[in-house]
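Okay, here's what each chain looks like letter by letter:
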Amino acid sequence: MNIGNMRSITKYTLLLSTLGLAALTSCSADGDNPGVEYAPQMYHSIAYEPLSQTRDKEAGKWLSNREDGLGEFYNSNDNNPHGMNMREPAPNTVQRTANGYLPYRIPMDSLEYAARVVKSPIEPTEQVLAEGMKLYTSYCAPCHGDAGDGNGSVGQVIGGVANFKGGAYINITEGHIFHVITQGKGRMGAHGSQITPENRWKIVHYVKQLQTK
Amino acid sequence: MSIKRSLTKVHVIAGFFVAMLALVAFSSPVQAQDIPSDEASIAAGKSLFGANCAQCHKLDQKYTGPALRGVTGRRELPWIKSFIKNSSKLIATDADAKALFQEYGGTVMPPHEFLADEEIMQLLAYIENGDKGGDKADADGAATDGGAAQSGDSSMPSEYLTVILVVLVVVLLLILIVLGLIISVLTKFLNDKKDLDEDEKEYINQKTDLKKVFKSEGFILIVTAIVVALIAKTAIDGLYSIGIQQGYAPAQPIAFSHQLHAGQYGIDCQYCHTGVEIGKSANIPSANICMNCHQHIKNVGGAEGFSPEIKKIYDAVENNEPIEWVRIHNLPDLAYFNHSQHVKVGGVECQTCHGQIQEMEVVAQHSPLTMGWCIDCHRTTDVNTAGNAYYDNLVKLHGDGNAMKVADIGGLECAKCHY
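Chains as they are written, first to last, in our numbering: chain A, 1 to 213; chain B, 214 to 632.
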């Protein structure tokens, strides 16, 4: 084999491998680029997938064999507002839970009534208090502080956070606490959508315990 | 004479001023001598203030409620007392109280009927006389604390490493220069010698022929080997990254910072990602959860005005439109993953899979989410069976004293995740 021939072979190999490398480096994910998917049909759900939504009807058309002629990656429910894949519960329906809790219906401004009537369905056992402490740390401590004195790191920014040990709050009833967690009060927002009723009661029992410390 | 006269004049003027001052003092709503100023009262007032007022009031700064120092100069004592005891009652009847209530956004001050008159006087003693400049000192203290905490985070070892490297490079360069100098000195010295023959002279004055070096077989061989190795490594790395989204950090519709929320303010992950212990998905918080805090916080870092990023939450709520966050962790449709199973049952920390989220300004995918990565963890993680009587016997019968791994209770079975 003469040298000239060998040179040209080396040249082509180099050129090809550089091109190949350039193509390969764009495979990995970085910033806005999710990278190349291997067998994309295995990644993209055909069934409606909560928390992911592809509204572009053309997405993945190049490999689509869907009967409706849309792109393979299209995943969006046109019957819902904003094409969402999740639905809000139907109006005027009641959620059934394992422990039989019914939705809390006492309106926000009826705090005094709730404080008088609402009673805890669970006992403050040791386990309930331990779980209450964990929940309190997650949901309440950012504002009310670990000790309940109203000086959590977020609370200091928001301001006006209740000190559970202050005179205005030391004697509040369990119904009062439950109502305020659920519906909010003053500067505090309603936390009913974030915390299940049972967990709210656990927090209530923990707060009552915290007040005696 | 004239000196005496002017002195009397001064006396008269001084007397006039004293009288005026006294008049001003007596005509102000609360008589100064009513407010105790002894240390004991101030200390008692301070603890009362801390327990009942500090959540909404500061002495010298506007907070949720007005700055309180000087309140006895602005209002009558009975007015102050009835506002403290039950502000709602007073607001209903008194125009001043109503104006104040509206000025501070209609936030109701809870009633403090449990406070005795004596305690209110102690409170006022603290409000008027206590902690002068205290708020500022507190704020400064907090600021320096934060600064110290942040500077403490920076990793010292990597800095040291860079310094050592730079020093090494400098030393090597110096050695090179010294060697070059030695060569030139030696060449000069040998050239000055008279008793050298031609061969020796040629040897001394030879120039390194770069072209020859580049064309030598050894050089070409080494360079080719290095280039091929590099290409092969990049190619293999590139091939392995296909289908792996590790490092994916897309721009989100709102420039939300986990570093600020979870890191600086220490808000628990579960506060927003409420589904993580009860369901398959951790959930992206709905706008009402953002609003629990952001109904009050409209800008970053206590700045005035309305941050355009925070305004996007308000727009979403007003228009009842979802915020379309970009999903980062896309597990292939062929694999099933359940958050509650790992977080609630397994007690796995969020950071184990998601990395140090609380330090991320923009969230990036930390883990490769490959099957090998899942399996590795299932093989090495102990099952926490403490307090679960079902497992006691199982551990006793099967284990040889070692804790069971996730793999031992079916963590490697295909159908656990693929079905």
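Since the hints were made in silico from the structure, they are not lab data.
Every residue, glycine too, gets a C-beta built ideally from N, C-alpha and C.
Take the hints with a grain of salt, since some may be wrong.
[What the hints assert, rightly or not] Result set (DSSO-like, lysine-lysine): computed pairs, CA atoms no more than 30 angstroms apart in a straight line:
no., chain 1, residue 1, chain 2, residue 2
1, A, K213, B, K259
2, A, K213, B, K311
3, A, K185, B, K446
[Claimed, not checked] Some chain B residues well away from chain A (every beta-carbon gap over 12 angstroms; in silico):
no., residue
4, N265
5, G319
6, V398
7, L403
8, D450
9, G460
10, E537
11, P545
12, V575
13, N606
Cross-check of the supplied hints:
1. K213/A x K259/B: Holds. K213/A to K259/B sits at ~20 angstroms (cutoff 30 angstroms).
2. K213/A x K311/B: violated (37 angstroms)
3. K185/A x K446/B: Not OK: K185/A and K446/B at ~61 angstroms, beyond 30 angstroms, violated.
4. N265: Non-interface label fails for N265/B: nearest chain A Cβ at 4 angstroms, not farther than 12 angstroms.
5. G319: violated (10 angstroms)
6. V398: The claim holds: V398/B sits with its nearest Cβ about 44 angstroms from chain A, beyond 12 angstroms.
7. L403: holds (41 angstroms)
8. D450: The assertion about D450/B is violated, with a minimum of 8 angstroms to chain A.
9. G460: violated (5 angstroms)
10. E537: violated (7 angstroms)
11. P545: violated (5 angstroms)
12. V575: violated (9 angstroms)
13. N606: For N606/B, whose nearest Cβ neighbour in chain A is about 22 angstroms away, the distance exceeds 12 angstroms, so it holds.
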